[in-house]
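Visitor: Sequence:
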Amino acid sequence: MSGDVAQESRDGSAWFGKPVRRLSPLDAEHARGERESLAETAHAEECPRLAGLLTSDGPLADFLGAAFTLSPYLRDCARWAPQSLEALFDEPVDVRLARLNDAVRAAPFAEDATEASVMAALRRLKREAHFLVGLCDLSGAVDAETTVKRLSALADSCLCAAVDFLLRDAHRQGKLRLPDPDDPAPGSGWILLAMGKLGALELNYSSDIDLIALVDPEAPAIPDPLEATDLFVRLTRRLVRILQDRTADGYVFRTDLRLRPDPGATPLAIPVEAALNYYESRGQNWERAAMIKARPVAGDVKAGEAFLRELQPYVWRKYLDYAAIADVHSIKRQIHAHKGHGDVAVLGHNVKLGRGGIREIELFVQTQQLIAGGRFPELRSRTTVATLHKLAERGWISEEACEGLAKQYWFLRDVEHALQIVADEQTHTLPEDPDGLRRIALLLGYADGEAFAEAFRKALVMVEGHYAALFETAPQLSRGVGNLVFTGDVDDPGTLQTLSELGFARPSDICRVIRGWHFGRYRVTQSAEARERLTELTPALLESFGGTRRADEALLRFDQFLSGLPAGIQLFSLLQSNPRLLQMLATIMGAAPRLADIVTRRPHVFDGLLDPALLSELPDRAYLAERLETFLKAARIYEEVLDRLRIFAAEQKFLIGIRLLTGSIDGPRAGKAFSDLADLTIGAAFDAVQEEFAQTHGRVRGGRAVILGMGKLGSRELTAGSDVDLILLYDHAPDAEESDGPRALAPSHYYARLTQRLISAVSAPTAEGVLYELDLRLRPSGNKGPVATNIAAFHNYQRKDAWTWEHMALTRARPVAGDPGLCEQVRAEVEEIVALPRDPGKIACDAVEMRELLEKEKPPRDAWDLKLVPGGVIDLEFIAQFAVLAGKCVLEPRPTGTVDVLSNLAPSFADEQASAELAAAHRLYTSLTQNIRLCLTGPFEPDNVPPGLADILLRSVDLPDLGVLEADLKETAKRVRGHFERLLQRGRD
Numbered sequence: 001m002s003g004d005v006a007q008e009s010r011d012g013s014a015w016f017g018k019p020v021r022r023l024s025p026l027d028a029e030h031a032r033g034e035r036e037s038l039a040e041t042a043h044a045e046e047c048p049r050l051a052g053l054l055t056s057d058g059p060l061a062d063f064l065g066a067a068f069t070l071s072p073y074l075r076d077c078a079r080w081a082p083q084s085l086e087a088l089f090d091e092p093v094d095v096r097l098a099r100l101n102d103a104v105r106a107a108p109f110a111e112d113a114t115e116a117s118v119m120a121a122l123r124r125l126k127r128e129a130h131f132l133v134g135l136c137d138l139s140g141a142v143d144a145e146t147t148v149k150r151l152s153a154l155a156d157s158c159l160c161a162a163v164d165f166l167l168r169d170a171h172r173q174g175k176l177r178l179p180d181p182d183d184p185a186p187g188s189g190w191i192l193l194a195m196g197k198l199g200a201l202e203l204n205y206s207s208d209i210d211l212i213a214l215v216d217p218e219a220p221a222i223p224d225p226l227e228a229t230d231l232f233v234r235l236t237r238r239l240v241r242i243l244q245d246r247t248a249d250g251y252v253f254r255t256d257l258r259l260r261p262d263p264g265a266t267p268l269a270i271p272v273e274a275a276l277n278y279y280e281s282r283g284q285n286w287e288r289a290a291m292i293k294a295r296p297v298a299g300d301v302k303a304g305e306a307f308l309r310e311l312q313p314y315v316w317r318k319y320l321d322y323a324a325i326a327d328v329h330s331i332k333r334q335i336h337a338h339k340g341h342g343d344v345a346v347l348g349h350n351v352k353l354g355r356g357g358i359r360e361i362e363l364f365v366q367t368q369q370l371i372a373g374g375r376f377p378e379l380r381s382r383t384t385v386a387t388l389h390k391l392a393e394r395g396w397i398s399e400e401a402c403e404g405l406a407k408q409y410w411f412l413r414d415v416e417h418a419l420q421i422v423a424d425e426q427t428h429t430l431p432e433d434p435d436g437l438r439r440i441a442l443l444l445g446y447a448d449g450e451a452f453a454e455a456f457r458k459a460l461v462m463v464e465g466h467y468a469a470l471f472e473t474a475p476q477l478s479r480g481v482g483n484l485v486f487t488g489d490v491d492d493p494g495t496l497q498t499l500s501e502l503g504f505a506r507p508s509d510i511c512r513v514i515r516g517w518h519f520g521r522y523r524v525t526q527s528a529e530a531r532e533r534l535t536e537l538t539p540a541l542l543e544s545f546g547g548t549r550r551a552d553e554a555l556l557r558f559d560q561f562l563s564g565l566p567a568g569i570q571l572f573s574l575l576q577s578n579p580r581l582l583q584m585l586a587t588i589m590g591a592a593p594r595l596a597d598i599v600t601r602r603p604h605v606f607d608g609l610l611d612p613a614l615l616s617e618l619p620d621r622a623y624l625a626e627r628l629e630t631f632l633k634a635a636r637i638y639e640e641v642l643d644r645l646r647i648f649a650a651e652q653k654f655l656i657g658i659r660l661l662t663g664s665i666d667g668p669r670a671g672k673a674f675s676d677l678a679d680l681t682i683g684a685a686f687d688a689v690q691e692e693f694a695q696t697h698g699r700v701r702g703g704r705a706v707i708l709g710m711g712k713l714g715s716r717e718l719t720a721g722s723d724v725d726l727i728l729l730y731d732h733a734p735d736a737e738e739s740d741g742p743r744a745l746a747p748s749h750y751y752a753r754l755t756q757r758l759i760s761a762v763s764a765p766t767a768e769g770v771l772y773e774l775d776l777r778l779r780p781s782g783n784k785g786p787v788a789t790n791i792a793a794f795h796n797y798q799r800k801d802a803w804t805w806e807h808m809a810l811t812r813a814r815p816v817a818g819d820p821g822l823c824e825q826v827r828a829e830v831e832e833i834v835a836l837p838r839d840p841g842k843i844a845c846d847a848v849e850m851r852e853l854l855e856k857e858k859p860p861r862d863a864w865d866l867k868l869v870p871g872g873v874i875d876l877e878f879i880a881q882f883a884v885l886a887g888k889c890v891l892e893p894r895p896t897g898t899v900d901v902l903s904n905l906a907p908s909f910a911d912e913q914a915s916a917e918l919a920a921a922h923r924l925y926t927s928l929t930q931n932i933r934l935c936l937t938g939p940f941e942p943d944n945v946p947p948g949l950a951d952i953l954l955r956s957v958d959l960p961d962l963g964v965l966e967a968d969l970k971e972t973a974k975r976v977r978g979h980f981e982r983l984l985q986r987g988r989d
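In our numbering, the protein residues as written are 1 to 989.
For the record, the hints were derived by calculation from the structure and aren't laboratory data. No experiment lies behind these values; they were computed from the predicted model shown. Hints may be right or wrong, so weigh each one.
Distance ranges between label pairs, derived from CB positions [stated by the list, open to error]:
(1) P181 <-> E29: 29 to 37 Å
(2) P377 <-> V485: 44 to 52 Å
(3) E824 <-> G52: 17 to 25 Å
(4) R982 <-> H795: 32 to 40 Å
(5) E892 <-> P181: 24 to 32 Å
(6) T427 <-> D180: 41 to 49 Å
(7) R309 <-> D597: 22 to 30 Å
(8) R861 <-> D958: 21 to 29 Å
(9) P734 <-> E425: 47 to 55 Å
(10) A248 <-> G887: 22 to 30 Å
(11) K856 <-> P734: 40 to 48 Å
(12) D230 <-> E832: 28 to 36 Å
(13) E832 <-> A736: 20 to 28 Å
(14) D958 <-> D597: 27 to 35 Å
Glycine included, each C-beta is placed from N, C-alpha and C at the ideal position.
Please work from the sequences and hints to get the whole structure.
Guide: If you want it as structure tokens, here you go:
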């Protein structure tokens, strides 16, 4: 080997076309170990050149060692098939990827091709190509644009191969008459449109692929047009199975068909004519935006192109009416950017949906395309960055904005790939811990987490700044508020008409309320300057409230809010200068009665929104504990402690809720924050109660007490409106007969009275409201048993008398407050009880019987009753609880959180796909439940949803429309119920 060739092999040039960049490992010793381990595998698999490379020094060997410490997924791929690296000594990665794509395309044409053989071949070839694309991306040899094109080309090839196989199989069975079985797609009548990132050739590393399947019943290959839809629905269902079912070889691509017209009511494959009729008569503007990226990708591509040509007048309109423009603005509102409202958080930030994220750039581009693409065909590009350049050329945006957004778009895509390359997971959220952030920083070539965080924050701020400025400088699309006069005592006719047009049902009543503001009837409007500021703000207020679809209700809640404020100049100025804060206030008043109630009863909680760090600080336990300690320091007497706890809890619930509403935290993180808040405030109340109680009744010798959190408190899944389930356990010296206070009590009476005092301290209404509603019914013997339980009695009861459901409930239990020593003892006791040997068949039978009884006694209201619906939250909780009791959860230490259990089910109990689907369902339900419970005090009514709440829900699950979301919920529930029946039946067997 010549010196140049040897050097190219050592520095990676021979593999990647240029020397690899220096990648720092998580740990140098670990990196050496990974190299040695892979070298042994390479030697055993007869890959001598790879083994030699890994045991020598050089940039490429160092790069591989570092990459495999940073990405367990890439490490596993290399171990699985070291031949994929050995092959790079013979041909560079771009040639190898082309060869793999060709092999994928050829798979369905093998003589002995079966569905099983094609599935296996696609999985093996895709895994190798996916591995090489990821490794090449980390090497620095290619940019993000090349990476997304390679990933998209791979998905195209896999999809075409699966479609070709299914078409040929249908031809063999006589169900189709293909014009040319060796080129099965043309004339087949089956159209697959790639949507979203695949349509734009911008696929991310672990992306789903979004598809719409269409049928042309008049195509030459279809013998019976009346049977065509049923046939292609079956083929589409098989297509999804071929691509996304997890087997021993893995999966190809997760596949999503929810972007088709009206997915809750239409088949998986839709006749072309029906689709055209839908879009032309009922299509919505988000569907127009989605169709910008549509690309015929597989099947009858010519027919797909003809369909998109037919659809052009729907997507690209020469003129926009006001309703369409309003929809464009509602698309924009779903982003929830918050210009000028504090620093951007890095830890836990969502790169795709968060402030300054990828979606802001994409939606801005699509919005401009909808507005101008009808008149300027050059703006009809599918790709984001190409469209930015066209917008700049046409003068719609500045060159500075174009270059800045394009540069940050690719930077954010690099970050997205780094997140997903760690474990091949479809995640967009940065780690919440510094160690996790350091891993991402090293993957991207930064020295440490701080250096990456600084660059990341600058990128988000730049995107957010350009984004906000772009909309501010865009043409004003609204038609103006109209006539608004609130002087005198008589209603102005023009004002009444304007209020009606804005959406107010009782304009005369609204006039009377607003006149009251201008007459200075509240303290907040008694100064001339405050009234002047409020007058200037009124048109924007009315527009914002009018957009909530609950205009009268929203304005009356705002009126209540004003009535409690001591002063208003600062607030009115803030709302006037910060339209997003005004929009948030309107959303609270019109869409979130629970939050509105907090704001109107405690107007000072709104002050928390002025904290610049609000959205950048995660409300974790340490954050809340520090603030609680500071807030309680000034309390001098018992009653003041209890009132301050209520004030603190209400304010923090509100601020956690605001973070959730704005997308700064997601549903699971909100659940942890609400639970940490309950732990701390109930714990502080318990400390205060014990001190106060001891002044009268003294203390029991050796006495210790613990609060055992149960239910959603135990699993750290509380919502804004949750009751708190708990059990109080105590212990004392064996010979203690009574307490040592002025009014002595026997230990059992002492702790029973102490528990009653705790219930009163937490749940009794005071001038500051209720801290939490407590529920002690999960204690031994339920309501028939004592309210406080001796630890020895608890030990005996759980081993001798407890029912299966009580042990299921214990799988979520954790000590949340009380004596630290007893907390550890109780934690160990719970672990022992949960780990007791059991008959899995009996647990499964009991769980199924309980579920059937619940369905009979508490049937769900509708598909949105996420807790009770078959395949809903209860099914997921029962699966998780059964898995823990039956020893089917593999995570140590054992988690109490439902999603953590579902994500770590034993392979002998549930395969990887089932576990992933169950965990995904729980995350979906959690995101929706957290937002609904935050905003509403009653049930969710899909036919009467305020637009603000609909936007919040859709943003939280990244779906475009409530109809699509409802269809997704039904599909998810059906899938979960199938798993429930299968897994619990397996347990009974």
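Visitor: Taking the hints in turn, state whether each one holds.
Guide: Cross-check of the supplied hints:
1. P181 <-> E29: 29 to 37 Å: 57 Å, violated
2. P377 <-> V485: 44 to 52 Å: 46 Å, holds
3. E824 <-> G52: 17 to 25 Å: The hinted range 17 to 25 Å is violated for E824 and G52, with Cβ atoms some 53 Å apart.
4. R982 <-> H795: 32 to 40 Å: 36 Å, holds
5. E892 <-> P181: 24 to 32 Å: 54 Å, violated
6. T427 <-> D180: 41 to 49 Å: The hinted range 41 to 49 Å holds for T427 and D180, with Cβ atoms some 43 Å apart.
7. R309 <-> D597: 22 to 30 Å: 53 Å, violated
8. R861 <-> D958: 21 to 29 Å: 26 Å, holds
9. P734 <-> E425: 47 to 55 Å: 52 Å, holds
10. A248 <-> G887: 22 to 30 Å: 24 Å, holds
11. K856 <-> P734: 40 to 48 Å: Between K856 and P734, where Cβ atoms are some 47 Å apart, the hint holds.
12. D230 <-> E832: 28 to 36 Å: 56 Å, violated
13. E832 <-> A736: 20 to 28 Å: Check passed, 25 Å falls within 20 to 28 Å.
14. D958 <-> D597: 27 to 35 Å: 29 Å, holds
Of the numbered hints listed earlier, those contradicted by the structure are 1, 3, 5, 7 and 12.
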